[in-house]
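Line by line, the protein sequences are chains A and B.
For the first sequence, the numbering used here assigns the number 1 to the initial residue and increments by one for each residue that follows.
For the second sequence, the numbering used here assigns the number 172 to the initial residue and increments by one for each residue that follows.
Check before you lean on any hint, since a few could be wrong.
[Unchecked claim] Calculated pairs, DSS-like style, for lysine-lysine (alpha carbon to alpha carbon, straight line, at most 25 Å): (1) Lys412(B) - Lys253(B); (2) Lys527(B) - Lys69(A); (3) Lys253(B) - Lys208(B); (4) Lys106(A) - Lys371(B); (5) Lys180(B) - Lys415(B); (6) Lys106(A) - Lys310(B); (7) Lys176(B) - Lys513(B); (8) Lys314(B) - Lys176(B); (9) Lys106(A) - Lys501(B); (10) Lys208(B) - Lys79(A); (11) Lys80(A) - Lys314(B); (12) Lys208(B) - Lys364(B); (13) Lys176(B) - Lys106(A); (14) Lys456(B) - Lys371(B); (15) Lys102(A) - Lys501(B); (16) Lys132(A) - Lys102(A); (17) Lys281(B) - Lys123(A); (18) Lys415(B) - Lys123(A); (19) Lys180(B) - Lys427(B); (20) Lys102(A) - Lys180(B); (21) Lys69(A) - Lys80(A); (22) Lys318(B) - Lys364(B).
For the record, the hints were derived by calculation from the structure and aren't laboratory data.
Residues per chain, in single letters:
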Amino acid sequence: MNCDVCNENDATVYLTQIVKGEMQKVNLCEDCAKEKGVTDPTGFALADALLGMDSDQEKSESVDLMTCKACGFSHSEFKKSGRFGCSECYSVFQSGLESLVKAMHKGTRHIGKVPSRYRVVKKYNDQITELKDLLLNAINDENFEEAAKLRDEIKLADADFNESNEGSLEN
Amino acid sequence: MMQFKTILKNPAEWMMSSGPNGEIVISSRVRLARNLKNLSFPGWAIEEDRSLVLNQVKPVIESLTEMRGAFSSELTDLTAVKKQVLVERHLISREQAAKAIGSAAVMNRKQTLCVMVNEEDHLRMQSIKAGLNLSAAFKMIDKVDTKIEENIDYAFDNQYGYLTACPTNLGTGMRASAMLHLPGLVLSDQVNKVIQAVNKIGLAVRGLYGEGTEALGNLFQVSNQHTLGEPENEIIARLEKVIKQIIEHEENAREKLYDDNRTTLDDKIGRSYAILRYGHIISTKEALDLLSMLRLGVDLGYFSDELRGLIDVLFMEIQPAHLQVYANRKLNAEERDCLRAKIMRDRLKNLPEPSKFYKNSSNEQPPEED
Ligand SMILES: [Zn+2]
Ligand SMILES: [Zn+2]
């Protein structure tokens, strides 16, 4: 992911701001973060709010007002119970979640069982990611013949995936 | 469908059979937490949504071949005492017993498999095996899970894996645990040291009924703390390895007690035998402690091996709700203590006095019988 400011370097600093109950995300590279005076490079402020160790009262209050559109669950509710309202909450409240999860678990990525219907999606995602990487390399190398071939392959993979998806929806 | 009284009449398979390391490990359990996509978790859901989940999920579970002839009930259809029986049998959790509309439990005839609906998560499924057999327990529940996912769209995230109400269960959603009987470590004051060491490597140790409960009857549950960032088989392998080390410590502690403090052991086992055979008022806590000594007696050869199964059954049967179902009425504490003592006297009335007769009968000369 590229930095939102210079759009050149890889973003390593992820910031989240709450504006009127909506979450806005800013991704910065190390340099731009320094330049903007971002002193909280790991985004721990939200994690601290999640853990109930708020250093910034105002910030945590605005976080508390966030709600999940799918289930109406609020962040202050999470602070009370330590549990979420629905699976969608994980994307709504995702900022800062990773450091919370990191403190609880051995890692922050699941590497165990995958339900079969997600295996197709995962396989497709992995395949597309790989093809796009190759495409980028081909373009950089000005190997346009190879690039055209890869574009076709991506189209084919997309079509295959959409087709199999439609098939599964009919079931 | 299986009736509730059938559950009571029949001890679970894991109580009667002896599994690997059965002298120290009573049972192995693996529990998986799963949720449905796009529906609020049970703790946050409105009643209609809880019912929606139940109606979607219950027929799927009941149609599993593993659940043929199963017991299946909505918790609202069970009395408080019956729910408590299921808790005492480790079939449902205390939390679920308190839940109302939309909560249900389905368990197979052997009581080795139980799926709970609308507990903390939409689905909590667990398998129980005798002795130290976590991989077999996992295999069993994994198969059930795979069958259920054919019909149910689980909430799953590429990064966090199975999404659960509480982030502590993310990833595999798996909690594997073994129930250990550790009288040797308790009697030799080493158990806290062991618990601390186990905690340090990311495993949890709890009492008989889970979180925050007292270690009654020298029974301890050891389970994985982390569920994310490690695949199921590795979690289980790590847990089994640690449990084997605990077993070794327990065996050493027992051996040392047997060699150095034989009289103390003779006394504890003898007194326990006497109170259980002749007592008339016995509380749950006392009963569990006495049964623990009796079980230790079996392991050390004071009684025959067959007694172990009966003791594991009694661990269950002497608990408050079981007693009240047995008596078929509500009992106050004094009445329960009396009935408990009576059941013990009845069940153990033919039990011969403790003697060293059974200890290593192959290499030790049995005493002459008169
Ligand atoms: Zn930048
Ligand atoms: Zn939600």
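| said: Taking the earlier hints as the rules, which of them does this structure contradict? | reply: Structure breaks hints 1, 2, 3, 5, 8, 9, 11, 12, 13, 14, 15, 16, 17, 18, 19, 20 and 22.
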